[in-house]
Amino acid sequence: MQSLKLLKFNMWIFGILFTTNTLEFISLLYTDHKFDWLRVILSVGFFVAFIVNLVNLKNKNYKTT
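Quick note: the UniProt record's numbering has the sequence shown finishing at residue 65, numbered continuously throughout.
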């Protein structure tokens with residue numbers, strides 16, 4: 001169980017990392033026609049971490065002290 005401040009911070013970090021890796025994957029696929037597995041795996045992992053933090057925030061599964 002995390003604090004609310006840390007939960008919001010993690011959501012920002014994982015959201016930004018998901019967005020940047022997804023954009024880089026799409027740009028490589030579009031410009032070089034190259035499928036980069038590392039970017040796909042990282043994007044999926046960051047998306048899962050973002051969703052887990054989002055569910056914890058929605059269910060109020062955090063400490064307020």
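Heads up, some of the hints might be wrong.
Ranges between beta-carbon positions, derived for each pair [to be verified]:
(1) L57 x T20: 30 to 38 Å
(2) V55 x H33: 30 to 38 Å
(3) D32 x F9: 29 to 37 Å
(4) L57 x D36: 28 to 36 Å
(5) Y62 x S27: 32 to 40 Å
(6) S27 x K58: 29 to 37 Å
(7) F9 x F35: 17 to 25 Å
(8) V52 x S27: 25 to 33 Å
(9) Y30 x I51: 33 to 41 Å
(10) S3 x T31: 37 to 45 Å
Below, in silico cross-link-like pairs of lysine-lysine (DSS-like), each with a Cα-Cα straight-line distance of 30 Å or less [as the list claims (entries may be wrong)]:
(11) K8 x K60
(12) K58 x K5
(13) K8 x K58
Quick caveat, the hints were computed from the structure, so don't treat them as lab data.
The beta carbon of each residue, even a glycine, is placed where N, CA and C say it ideally should be.
Tested hints:
1. L57 x T20: 30 to 38 Å: 22 Å, violated
2. V55 x H33: 30 to 38 Å: Distance hint for V55, H33 holds at roughly 36 Å.
3. D32 x F9: 29 to 37 Å: 34 Å, holds
4. L57 x D36: 28 to 36 Å: 31 Å, holds
5. Y62 x S27: 32 to 40 Å: Between Y62 and S27, where Cβ atoms are some 35 Å apart, the hint holds.
6. S27 x K58: 29 to 37 Å: 32 Å, holds
7. F9 x F35: 17 to 25 Å: The hint (17 to 25 Å, Cβ to Cβ) is violated, given that F9 and F35 are roughly 32 Å apart.
8. V52 x S27: 25 to 33 Å: For V52 and S27 the Cβ distance comes to about 27 Å; the hint holds.
9. Y30 x I51: 33 to 41 Å: 26 Å, violated
10. S3 x T31: 37 to 45 Å: With a Cβ separation near 42 Å, S3 and T31 satisfy 37 to 45 Å, so the hint holds.
11. K8 x K60: 12 Å, holds
12. K58 x K5: 14 Å, holds
13. K8 x K58: Roughly 11 Å separates the two Cα atoms, so the pair holds.
Going through the hint list in order, the structure does not satisfy hints 1, 7 and 9.
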